[in-house]
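Based on the hints, put chain B in the right spot on chain A.
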Amino acid sequence: MTNNSEWQEANRRLMAEQREKLGEPPTAEEMLAYSRGELDETEEERIRDLLVAYPELARMYAAPFPEEAEAGVSDDRVAAGFEELRQRLGGSVVPLRAPVRRYLPTTIAAALALLFFGLFVQAESRARNQERGRLPYILGAPQVLNSDPNRGVGKPTPLSKDGEAYLLQPYLINQPRYPHYSIELNDAGGVVWTSHAAEAAADDSFQIVIPHDFLRAGGIYQLRIFGIDGEMRQRLGSYDMEVPEE
Amino acid sequence: MTTRDDGEERADLFQLLWKRYYARMLRYFSHVFRLSPADAEDMTQDSFLRFYRAMDEYRGEAEWALLETIARNVGYNRVRSVTTAKRGSIRPEPLGDAEERNDPADPNQRHPIDTMIETERLRRIREAVAELPKGQRQCLQLRLEDFSQEEISRALRISIVAVKARIRDAKRTLRERLGDEGALPEE
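Note that the protein sequences, when read in sequence, are chains A and B.
Take the first sequence: its position 154, counting from 1, is numbered 154 in this note's numbering, and each next residue is one higher.
Take the second sequence: its position 175, counting from 1, is numbered 175 in this note's numbering, and each next residue is one higher.
Simulated from the structure, these hints should not be mistaken for lab results.
Owing to the predicted nature of the structure, the values given are computational and were not obtained by experimental measurement.
It cannot be assumed that every hint is accurate.
Taking lysine-lysine pairs in the DSBU-like style, the calculated list, with each CA pair at most 30 Å apart, reads [claimed, not checked]:
id	chain 1	residue 1	chain 2	residue 2
1	B	Lys-171	A	Lys-21
2	B	Lys-19	A	Lys-155
3	B	Lys-164	B	Lys-134
Next up, chain A with everything else stripped away, as it sits in the complex (with noise of 0.2 Å):
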């Protein structure tokens, strides 16, 4: 019987061997077409085996980017980071503006002020929205929405107005089945909406629909997928949309 550390020094001399036979690691522009599957088969298989000869690399890719801040992190140590960072870029950046405790007694005020505007409102909403939730409405089209978690910076899809509802359908790309997938839609100041109902089509679609005046005229919004295993939770799918103007 061979016990776990044997396994896994042949596998180290392995990893040495082919690392001798396939050359140096891929570059950060291979990785990116990898990530977005832009290679062709063979140059795939290629990162593919480079991957698992330089196994910090393969789990740096496999890594989702965090979700959460790293904990303990100081107002003053994030001034402290981006004052290094500007005296870096020889002093171009103006220096960060200083926390806004110093105003705490206003900021709780006006907190409060548009907390109050903010349930106001959000009640009045409801009260719309379940009167119009009672009412058939008709969809347009889907609007299939494509991504890849690795993805970089894209122009959103601008979504087109038929029916009287979006009827979005994001599919998700080369990502593991979940039990449970749970569904955001995030605009420039955070969540806006989010449901812990969705389920996965055979195709690794959704469909979603939403109403036309739930999203701003002009706005950008994010929906973002996630899949729920017990307590993990990984991002799958990122989809920037682009509502038209009135």
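Positioned in the frame of chain A, the structure of chain B alone reads:
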């Protein structure tokens, strides 16, 4: 009414993004790379520096995506530079190397015959893994590096079902080829 110029808007946006993403990026570098706080800080700074220089082409649609791409690129380049420097430093140990290192005066030293037997066993295992069909070998090698099935699936861009099947087939092939010696420890 005065209009703020592009430079001021750019600086404001950069500050906003720094405040929003600095601690997330630190976490990314410290957890994924297991770097010291100082090294994670360096890489975070490098990423923001590159982002600042790329801001002219940035249109504000999805700043997190551009930052993430830049951070990953900084990470890939680091792995590339470190592994390139190390490449060749770990070589497969030829049969007999271990024997030459033996110090006969050391009473705790293993017997040279035992060392030779072990080296030979590792060679057989290595060859058996190397001769597996490519898909099975790739999955098994990452599994031996303690990757989870989900991580293997993401790294190789294949489904989890395929990962499970390939690992299962690899185990069976090794067992057939090496007998008890080819049995992988239970997960």
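>> Next pair to validate is Lys-19/B with Lys-155/A; report whether the Cα-Cα distance is within 30 Å.
In response: 24 Å, holds
>> Hinted pair, alpha-carbon criterion (30 Å max): Lys-171/B, Lys-21/A. Please report holds or violated.
In response: 25 Å, holds
>> Check whether the Cα positions of Lys-164/B and Lys-134/B lie no farther apart than 30 Å.
In response: 15 Å, holds
Hint violations for this structure: none, all hints satisfied.
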